[in-house]
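Asker: Listed below are the residues making up each chain.
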Amino acid sequence: MRAEFRTRELLSTMLVFSLLVVLTFNFALQLDRMARENVAAGVLWVTTIFAGTLGLNRSLAAEKDRGSLDGLLMAPVDRSALYFGKMLGNWLFMLIVQAVVLPVFSLLYNLPLVQPLILLSVLLGTLGYAGVGTLLAALSVQTRARDVMLPILLLPVAVPLLVAAVQAGGGVLARREWSDLSLWFNLLVAYDTIFIAVAYMVFDYVVEE
Amino acid sequence: MSLSNRTLQILNVLTVLLLVVNTALIFLYAPLERTMGEVQRIFYFHVGVAWVGMAAFVVTLVAGVLYLRTGNLRWDRLGAASVEVGLLFTFLTIVSGSVWARPAWNTWWTWDPRLTTYTIMALIYIAYLMLRQGIDDPNRRARFAAVYGIVGFISVPITFFAIRIWRTIHPAVIGTGSETAQGGFDMTQPMVVVLLFSIATLSVLYVCLMANRLQLEKLAERVEQLKARILSA
Chain X
783 MRAEFRTREL
793 LSTMLVFSLL
803 VVLTFNFALQ
813 LDRMARENVA
823 AGVLWVTTIF
833 AGTLGLNRSL
843 AAEKDRGSLD
853 GLLMAPVDRS
863 ALYFGKMLGN
873 WLFMLIVQAV
883 VLPVFSLLYN
893 LPLVQPLILL
903 SVLLGTLGYA
913 GVGTLLAALS
923 VQTRARDVML
933 PILLLPVAVP
943 LLVAAVQAGG
953 GVLARREWSD
963 LSLWFNLLVA
973 YDTIFIAVAY
983 MVFDYVVEE
Chain W
5 MSLSNRTLQI
15 LNVLTVLLLV
25 VNTALIFLYA
35 PLERTMGEVQ
45 RIFYFHVGVA
55 WVGMAAFVVT
65 LVAGVLYLRT
75 GNLRWDRLGA
85 ASVEVGLLFT
95 FLTIVSGSVW
105 ARPAWNTWWT
115 WDPRLTTYTI
125 MALIYIAYLM
135 LRQGIDDPNR
145 RARFAAVYGI
155 VGFISVPITF
165 FAIRIWRTIH
175 PAVIGTGSET
185 AQGGFDMTQP
195 MVVVLLFSIA
205 TLSVLYVCLM
215 ANRLQLEKLA
225 ERVEQLKARI
235 LSA
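Chains as they are written, first to last, in this note's numbering: chain X, 783 to 991; chain W, 5 to 237.
Derived from the structure by calculation, the hints contain no laboratory data.
Every value quoted in this text rests on a predicted model; they were computed, and no experiment measured them.
Heads up, the beta-carbon is just placed ideally off N, CA and C, and yes, glycines get one too.
Hints should not be assumed to be uniformly reliable.
SDA-like, lysine to any residue: derived pairs with alpha carbons at most 20 angstroms apart [said to hold, decoys possible]: (1) LYS222(W) - TRP112(W); (2) LYS846(X) - GLY824(X); (3) LYS846(X) - GLU791(X); (4) LYS846(X) - ILE139(W); (5) LYS231(W) - ALA215(W); (6) LYS846(X) - LEU944(X); (7) LYS846(X) - LEU77(W); (8) LYS222(W) - GLU88(W); (9) LYS846(X) - GLY138(W); (10) LYS846(X) - ASN76(W); (11) LYS846(X) - GLU88(W); (12) LYS846(X) - SER862(X); (13) LYS846(X) - ARG926(X); (14) LYS222(W) - ASN76(W); (15) LYS846(X) - ASP140(W); (16) LYS222(W) - LEU29(W); (17) LYS846(X) - VAL941(X); (18) LYS222(W) - ARG145(W).
Covered by chain X, per the in silico footprint, the following chain W stretches (three or more residues, Cβ under 8 angstroms) [said to hold, decoys possible]: (19) 158-166; (20) 217-224.
Pulled out of the complex, with its shape left as it was, chain W reads as follows (with noise of 0.2 angstroms):
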């Protein structure tokens, strides 16, 4: 699961070089949309994110699975530090979306199904988090983490599926003109190969973090036994 510490060197600058190249596409590259004009810029990064915060959840999942199915603590570990991380991605996703909306669709904030279902799930691995902090045995820790991954992932679509159908049937709800400014725009080939290029970006800082996270955890790990030692000696 962890990287040596030359390998995670190469990839930390690998990252920020990605990101410089990311940002300058952005801004140069991609050519400027007609009816939003410059702030539509930040849809690259807005799409990537979002993206990556998703993933970082069904990593969650698929660890809880395999955690539960072996009782290997390092799909414990994984599982864990992709909350954190997924959980950085899904607030930047709503705060970028929010300065977007506050332009395209005049508003900070619309019940949109996609917008709100994506901060339930902000909720539902927050509530992960504060659950793995009230509890000690580390057994205990992963196993309940991993049933509240699984229990809490498999919400998430039948939550989307709800308020979906909710605001279809209430068309008074739907004034907000949100479902047309979504789809909105027609991407020109320039834009989708920055888009791709975007959240294969993003999805390199995604593996960044996460190999610098689980080493930090090997590390505060290492720490311990030290300690360990040093008192039983």
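Pulled out of the complex, with its shape left as it was, chain X reads as follows (with noise of 0.2 angstroms):
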């Protein structure tokens, strides 16, 4: 995870992705101020889950090209530290490009997107993705079709996190009341809780051997 930040090939990687993405999404969908606001959250939300499956894949593939995977599990250290540490170091890359991608959306779009609320769900939604993604991808670089393979097995499991995210961050760009979006919000939090939890307690029959 160190030397990912030193090379930042994979971080660069899902930041120009990113920005790409969104701006895709300006032409695909002739967004005019009514609709701009309408799907904002939306596009948000799934340029973050592209990119984020593309981080994903590539920071458990490098480990497993490079076989530090296969030191890692050498060291005297409990499995489910190695998951913990690979979950936030995704989730943190996560945030990163979202640090980047939403300043330059919200110029892009013209909307207020950096604002707390939409910081949280955006906190939230990324840490349920990071967990549940990262053990998915540690499935899936094992096995042949790899790299398509995270995005068929991850998106199905991913749905109610995206709907619960873009709901928060849709309902606070409509200037919703709280007691409607509190809703949501413990959506995400519950959505975090439970896979996290489960990813902890399977992870060690994921990098067995």
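Take each chain as given, in its own frame, and dock them per the hints.
Answerer: Structural data, given as structure tokens:
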């Protein structure tokens, strides 16, 4: 993970990819002002999901290719520590990407995206995504068709997260009451808790051998 | 896990008989529903296959947990077979539901929470099968499949919950009248009897398909062993 910060290859890929997706959406959807407000949260999360898949794949594939995963497994640390390390690393990457994408996004789309509640939804959403994504990426890098396997495994499982995050973000943009929104934030917290707990319990079996 | 050939044959015959009786009950015994008419008869089949589809994935979940606990490949075979059979029932549910929805709701498809969740669930288990195909080592395949079977299953109720509150918060989307149409008729006594019989029959069909599927697996393994013996000799 430290190595990743040195090369910055993954981070820059995720960043450029995210920005490209944001731009592509602009051309694909003919976004006028009304449409922009309605779909902004959706565009943001589709971007996050795809860039996240890219990042998750690379982060574990690189470990596998370099053989450092075996090294890490031999290290006298708890396997779950490995999971949390990987997950926090992936989460951090997603947050760094978001830190750049959010301001650019709000600039290009002329929307107030940098505000506390949206940041909270991004924080919680990416946490859950990194949590379940790290587990499934650890699975998929050990399969034959590994680059295409991760999205197939991850996207259907991440649907509730996507729904909750988009609704929370969209609700904030539409200036809804907290009583309307709290439900979505609760759901995000519940998803994060459940899936990180499950991933923590089963991660041992994924990296065995 | 596997039955002898004889028991399997008896089970096969029994299943066919039950299916025939079930069809007869649905078309001859069950009363005609007043508002929807004949098309409502698909309901007995639809609810039955939907129930079995869900139950099959519960079997996969339990088998996955048991495999991770015991490391016995038998559980893995059970889980995988249950996904294959379960997917069959899931597609039957979606198709029979569409056929019913066309006259009842005047559309083949609505983004109703139950429908959407069911479809996403089908996609999860298709992914499960693809994951299995991508791994050669049987032990690793079993472990990964068990893990994904657990993660996938847990996400299903959360998906349902998320989509349901999403739809209730946005009243504009509900307009299709799906909620009222769904609980839209009261069942009379004979209807309940036929429904229960149908569910039981389709459950037996599930058990029968599973038994045959596991038998097939066993035979395939025998073939592999024999091949290996011939090659080594």
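Asker: Indicate, hint by hint, whether the structure satisfies it.
Answerer: Hints and how they fare:
Taking the CA atoms of LYS222(W) and TRP112(W), the gap is about 40 angstroms. The hint is violated against a cut of 20 angstroms. Distance restraint check for LYS846(X) and GLY824(X): the Cα-Cα separation of roughly 33 angstroms exceeds the 20 angstroms cut-off, and the hinted pair is therefore not satisfied. Taking the CA atoms of LYS846(X) and GLU791(X), the gap is about 16 angstroms. The hint holds against a cut of 20 angstroms. For the given pair, LYS846(X) sits about 16 angstroms from ILE139(W) by alpha-carbon distance, which is consistent with the 20 angstroms threshold.
The suggested pairing of LYS231(W) with ALA215(W) is violated, with an alpha-carbon distance near 24 angstroms, which exceeds 20 angstroms. With a C-alpha separation of about 29 angstroms, the suggested pair LYS846(X) and LEU944(X) falls outside the 20 angstroms cut-off, and the hint is violated. Restraint check for LYS846(X) and LEU77(W): the C-alpha separation of about 26 angstroms exceeds 20 angstroms, so the hint is violated. For the suggested pair LYS222(W) and GLU88(W), the alpha carbons sit about 16 angstroms apart, so the restraint of at most 20 angstroms is met.
Pair hint LYS846(X) plus GLY138(W) holds up; C-alpha atoms about 17 angstroms apart against a cutoff of 20 angstroms. Distance check on the hinted pair: LYS846(X) and ASN76(W) sit about 27 angstroms apart at the alpha-carbon level, beyond 20 angstroms; violated. With a C-alpha separation of about 31 angstroms, the suggested pair LYS846(X) and GLU88(W) falls outside the 20 angstroms cut-off, and the hint is violated. In summary, the hint linking LYS846(X) to SER862(X) is supported, as the alpha carbons are separated by about 18 angstroms, within the 20 angstroms threshold.
Annotation: proposed proximity of LYS846(X) to ARG926(X) holds, straight-line Cα distance about 13 angstroms (limit 20 angstroms). For the hint pairing LYS222(W) with ASN76(W), the CA-to-CA distance comes to about 15 angstroms; that is within 20 angstroms, so the pair holds. A threshold of 20 angstroms between alpha carbons decides the hint, and for LYS846(X) with ASP140(W) the separation of about 17 angstroms falls inside it, so the pair holds. In summary, the hint linking LYS222(W) to LEU29(W) is not supported, as the alpha carbons are separated by about 36 angstroms, beyond the 20 angstroms threshold.
Note on LYS846(X) and VAL941(X): the hinted pairing is violated, with a Cα-Cα distance of about 28 angstroms set against a maximum of 20 angstroms. A threshold of 20 angstroms between alpha carbons decides the hint, and for LYS222(W) with ARG145(W) the separation of about 17 angstroms falls inside it, so the pair holds. Judged by the Cβ-Cβ criterion of 8 angstroms, the segment 158-166 of chain W is covered by chain X as claimed, because 6 of its residues qualify and three suffice. Using a Cβ-Cβ cut-off of 8 angstroms, 0 residues of the segment 217-224 of chain W lie near chain X, which falls short of the minimum of three, so the contact claim is violated.
Comparing the model with each earlier hint shows violations of hints 1, 2, 5, 6, 7, 10, 11, 16, 17 and 20; every other hint is respected.
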